[in-house]
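*Asks:* Here are the chains, one letter per residue:
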Amino acid sequence: MSTPAPGSQLPAPRLKIFRWRAIGPLLVLFIILAILWWLFADTIARRETQKVGTQLLGAKVEIQDLHLDLKNGDVTIRGLTIASPHEAFKNLLQADELVAEIDVIPLTEKKLIIDRIAANGLRFGTPRETDGRVAAKSDGKGSGAGIAERVLAETREWASQFQIPILQLATGKISIDSLDPRRLSTLPAAEALGARADSTQKAWQTAYNELQLGPTLDSAAATLEKLKTARATDLATLNEGRQAIERLKRASDRVTALERDVKTGLTGLQRGLAGLDSARRRDYAFARSLLELPSINAPEIGTALFAPVAIKPFERVLYWAQLARRYMPPGLLPRASTGPMRVRRAGENVRFPKEQALPAFLLRSAELSFLIRPTSDQPQRYAGRVTGLSSDPALYGRPMLASASGPQLTAGGMLNHVRGVPVDTAGATVGGIQLPAFDVPGLPIRLDPGAGTAQLGFNLNGETIHARFGLRSSNVKWARDTGAAGQGMTNTTIDDLIWRTVSGISDLELEARLSGQLDRPSLAVRSNLDQAIASRLRAVVGEEVAAAERQVRERVDALVKDKVDPVRAQVNTLQTQANARIAQQRARLDELQKQLEQRLRELTRIRLPGTPSKR
Amino acid sequence: MFALVKLIQSLVGALHSEGTPGQLALGIALGSIMGLTPLMNIHNAIVFAAIVLLNVSFAGGMLGWALFVPIGFLLDPLFDWIGHSLLLAPALRGLWTSLYNMPIVPLTNFNNTIVLGSLVFALVLLVPLFLATRWAVARYRVTVGARVRQSKFYRAVTASKAYNVYKMFRP
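Order-wise, the sequence lines are chains W and P. Numbering-wise, the numbering used here puts 697 at position 446 of the first sequence, and it's gapless, one number per residue. Numbering-wise, the numbering used here puts 320 at position 74 of the second sequence, and it's gapless, one number per residue.
Source of the hints: derived by calculation from the structure; they are not laboratory data. Treat each hint with caution, since some may be false.
Simulated restraints on C-beta separations [unchecked claim]: (1) W/L278 - P/V370: 51 to 61 angstroms; (2) W/R434 - P/I317: 52 to 62 angstroms; (3) W/A587 - P/F399: 49 to 59 angstroms; (4) P/I317 - W/A587: 46 to 56 angstroms; (5) W/R649 - P/A295: 40 to 50 angstroms; (6) P/L338 - W/L278: 33 to 43 angstroms; (7) W/K563 - P/A295: 47 to 57 angstroms; (8) W/L358 - P/L338: 18 to 28 angstroms; (9) P/A384 - W/L290: 41 to 51 angstroms; (10) P/F399 - W/K322: 52 to 62 angstroms; (11) P/V370 - W/E408: 52 to 62 angstroms.
Where chain W lies over chain P, by a calculated footprint (3+ residues, C-beta under 8 angstroms) [claimed, not checked]: (12) 346 to 353; (13) 366 to 374; (14) 385 to 391.
Every value quoted in this text rests on a predicted model; they were computed, and no experiment measured them. C-beta atoms are modelled at their ideal positions from N, C-alpha and C, and glycine is treated no differently.
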């Protein structure tokens, strides 16, 4: 056996790339993880469903038990509770059991396709012990806000835009002394219009001077004189006459252009005058508001009494509609949504829908069975159905439809996000339900509508909204909060008056309508109480109100008269002068042109022998 | 506190292990991917398997992970921006659409801005980090490494039980 000679080079050790002995422990680790997943899959799925559901809806989603049976594609959820995103201690719904049949293969693409859900034991509006709102606790701003938070903040802001008149009652002596002229909008408007009239007048004068009609008219008049003595063979004079006519025509065109400018300018000034009238009406309203006069117009009373109550259902339906628009957008463009909640930043998940591929989420059909008045002796059983709920409606190709019916319920809805402009429609009539009691704004009165019928119609077509909310009850109860009664003598009198008016009325019919562009819709609220309250108020405080309003108008008129009247006169004078000057110049031009043309015709007329002259 | 002690043990153990500077550097570079990107993702299972199966420093991997977790948190806004820019780039839309509609691939959460942004960042950083770490470890060993090995601190660290566990996975 030989040994290597001292100092000879040892061969370099072979480079080991793999650590083969680690395969065993790694496999064991993965097997342990797989076993843990198998053992805790239901718990993991339950927690994830709760987490995702809460994030999606903006309210706590709680599940008592969830069982996955992936072999058969079944998911069973028991004890589902979804809190209301709007009310602190109320649930949106509870379900005893939900059984879902899912397609397993699309799960490998992270797509959830539910063929059918059967939901039993649904209950709505049940009370809860803890506050289940999540989105409502956020201001919905900043990059960390989820979609539900943002939508809730937007709908809140939308609802707050409505100017609801408070049923203000006069207190003490009516006086307009506090009216500050600087706060009137008519005065700056009049000053601006006066300045505009000045600059317009100067501009017109410059334009008029630039017309240079004098030389044209003088030259044409001289040519006409020449033509009067000229013969038909005097071709140079005839040409001069034709050139003069051409110059007159061009001058006439310039006058026409100036006239057009003057007309446009005058229209603007007249609009300015109309704007002054509008500003004055606004000033009347502003000055009137300083008096805190009670409104005695029936529509305003209806809005003051019931608008806060009527806006709520619109706000809630709009929340769900807008949420659906965010989660079910039309089209196939990539779309980003808030990523999963985790310790690190959530980021955004971007979805990439592809034609003829499956959507990320699809619920083909859901059958619902639910109870109304579950605790009563005779609970009423209802049934409902939802089809085509998809995250990518353009891929599914059909709108989402929902319907529910029962002894005292008819409801239906359609979310059509298949085309570019989404259309959301919903309608429901619910009878025999206990309508919530509410305080009448501005008055120490509480209204309990009792059991009645509520109706809601909603249509959001693109950005145009039409909605109607109706409430009807024949068991209305009124309660008076004597502790919160008006402080002043007049308030107490009017409180008494309204109390006497309404307390004897047991029927309530309320209707609120919303229409127009979504960002600035108009709201109209009316009820059967409006006219009754208005006529009683008019009888008691009508004269005082009318006198105060007269006083308000006179005071505003006196303050703005010195500014508005001169401006009005200036605009009218400017209009008269401008029209007269233009008419005068045009008349001269036309007359000269006519005379020149006539003379030229006379000179150039060919007379055949024997043809009698017309003259 | 325990985590800090473990981190120091890992650092000392790794620096003085029998592995080459390259093995240690590659371990740290691979571990940085796990630290920079959100942990619970499929790509991290692959990276972890690579750290275990490849003949790189396991301690280095754990060290890289521990060191880069806080950096990952700090750089999340940058990752979000990178991911957003990549995912919404019109030129890449076809690629993402194809990947998104394939089996398995969507389970990697590549369509999340943080996951994609941090993974791209970590992959871009991989080679420079490997080279820099390898150079730094080599310099350490030829300069202060021998003196540290003689210190009481080193003996205290290597005498602990955690060091024995580490030795099971040393390269």
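*Asks:* Hint numbers the structure violates, sorted upward?
*Replies:* 1, 4, 11, 13 and 14
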